[in-house]
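J.: Construct all of the structure, not just a fragment, from the sequences and the given hints.
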Amino acid sequence: MVTAGPPRVDEPEKPRRDTRMTLAQHLLELRRRLMIAAIALVVGMIIAFIITGPVIELLTEPIRMVADNRGDNLAQLNFDTVTAPFDMRMRIAFAIGLLLSAPVWLWQLWAFLMPGLTRKEIRYTVGFMAAAVPLFFAGTVVGWFVLPHMVEIMATFAPEGTAQFYTASYYYDFVFKLLLVIGVSFVLPVFLVALNLAGVITGRGILKGWRAAVLIATLFAAVATPAADVVSMLLLGGILIVLFFAAAGVSMLFDRRRGRLQKDLLSEADA
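Heads up: the sequence shown at position 104 corresponds to 103 in numbering that gives the first Met the number 0, and the numbers run straight through without jumps.
I should point out that these hints are in silico values taken from the structure, not numbers from a laboratory.
A portion of the hints provided could be inaccurate.
To be verified - Here are the computed lysine to any residue pairs in the SDA-like style, where the Cα-Cα straight-line distance is at most 20 Å:
id, residue 1, residue 2
1, K176, K262
2, K207, G248
3, K207, R255
4, K176, G202
5, K176, A162
6, K176, K207
7, K119, M232
8, K176, E159
9, K207, F190
10, K119, W109
Unchecked claim - Cβ pair distances, simulated, as ranges:
id, residue 1, residue 2, range
11, R210, V180, 16 to 26 Å
12, G160, A245, 19 to 29 Å
13, L73, A137, 49 to 59 Å
14, G160, A101, 23 to 33 Å
15, L22, M64, 54 to 64 Å
16, F156, T117, 49 to 59 Å
17, G248, P114, 54 to 64 Å
18, L33, L73, 32 to 42 Å
Just so you know, even glycine gets a beta-carbon here, dropped at the ideal spot from N, CA and C.
T.: Below you can see the structure in the form of structure tokens.
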């Protein structure tokens, strides 16, 4: 009786499902899933458009704080075109609708790619998303707490006797880009772990670059926050440095586990 030996380390893992489709079938499948994602986005935008009023109230709270500090009404949100109020509500509705519909369009993207992925790739993808999504939202929360301090401190540089009018389109871009950049920066350590899992870099290799990482995190925090707001800069920079060392530690644990598995496979093959 012939028994199968241990699996070869270099043997490529097959996809989870061997679903063979022609190019035309792939395009039809892609179009169907894109239409579902687009419908979900439109529905999310409609729901988000209804709540744009309270969202604008929250976004303009730092401006009202500036007006209170000045003791006048010369710090206001300014709409400089006829369609500017509607444009701002539409842009807010799109951003919020994209978040509300994320479970639908992420699932459509996942369902389209999953048949061609191996089980290991599926596990890595699920793990990556499970870590990246909470970190992104944590970054946006940190950015939201940093925002009022930035607006207040920048307003202190306005000379006496001048008005502080914030153009609506510019102010929205400023808030949106700030939250997006800080949110993405929180996800970067997850990419380091992903590169480690892909075998591109080791945990020790990540840890060796700690000096450059600390410098980059400090420079990024200095650029993303006002020069006068030292507390926000230290908070953002400190969180990014902690996330970097956490990514290095997790990568080193994966390296140790991978080394043990390889030793076990080699010992089984020799036996």
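J.: Given the hint that K119 pairs with M232, does the C-alpha gap stay at or below 20 Å?
T.: Since the Cα atoms of K119 and M232 sit roughly 39 Å apart, the hinted pair is violated (cutoff 20 Å).
J.: For the range 16 to 26 Å, tell me whether the beta carbons of R210 and V180 fit it or not.
T.: Holds, at about 23 Å.
J.: Decide if the proposed pair is consistent with the structure: K207 and R255, CA atoms, cutoff 20 Å inclusive.
T.: It holds: about 17 Å lies between the C-alpha atoms, which stays within 20 Å.
J.: Evaluate the given range 54 to 64 Å for the C-beta pair formed by G248 and P114.
T.: At 34 Å between Cβs, range violated.
J.: Does the Cβ distance between F156 and T117 fall inside 49 to 59 Å?
T.: holds, 56 Å
J.: Is the hinted pair K207 and F190 satisfied, with a Cα-Cα distance of at most 20 Å?
T.: Holds. K207 to F190 sits at ~17 Å (cutoff 20 Å).
J.: Verify the proposed pairing of K176 with A162, using a straight-line Cα cut of 20 Å.
T.: Between K176 and A162 the Cα gap is close to 25 Å, so the pair fails against 20 Å, i.e. violated.
J.: Go ahead and decide if the range 32 to 42 Å is satisfied by the Cβ distance of L33 to L73.
T.: violated, 48 Å
J.: Could you check the hint for me, namely that L73 and A137 are 49 to 59 Å apart, CB to CB?
T.: Because 36 Å falls outside the window, the suggested range is violated.
J.: Is the Cα-Cα distance between K176 and K262 20 Å or less?
T.: violated, 47 Å
J.: Starting from the range 19 to 29 Å, see whether the pair G160 and A245 falls in it by beta-carbon distance.
T.: Taking Cβ atoms as reference, G160 and A245 lie about 49 Å apart, which means the hint is violated.
J.: Are G160 and A101 spaced within 23 to 33 Å by their CB atoms?
T.: violated, 47 Å
Hints 1, 4, 5, 6, 7, 8, 12, 13, 14, 17, 18 from the earlier list are contradicted by this structure; the remaining hints agree with it.
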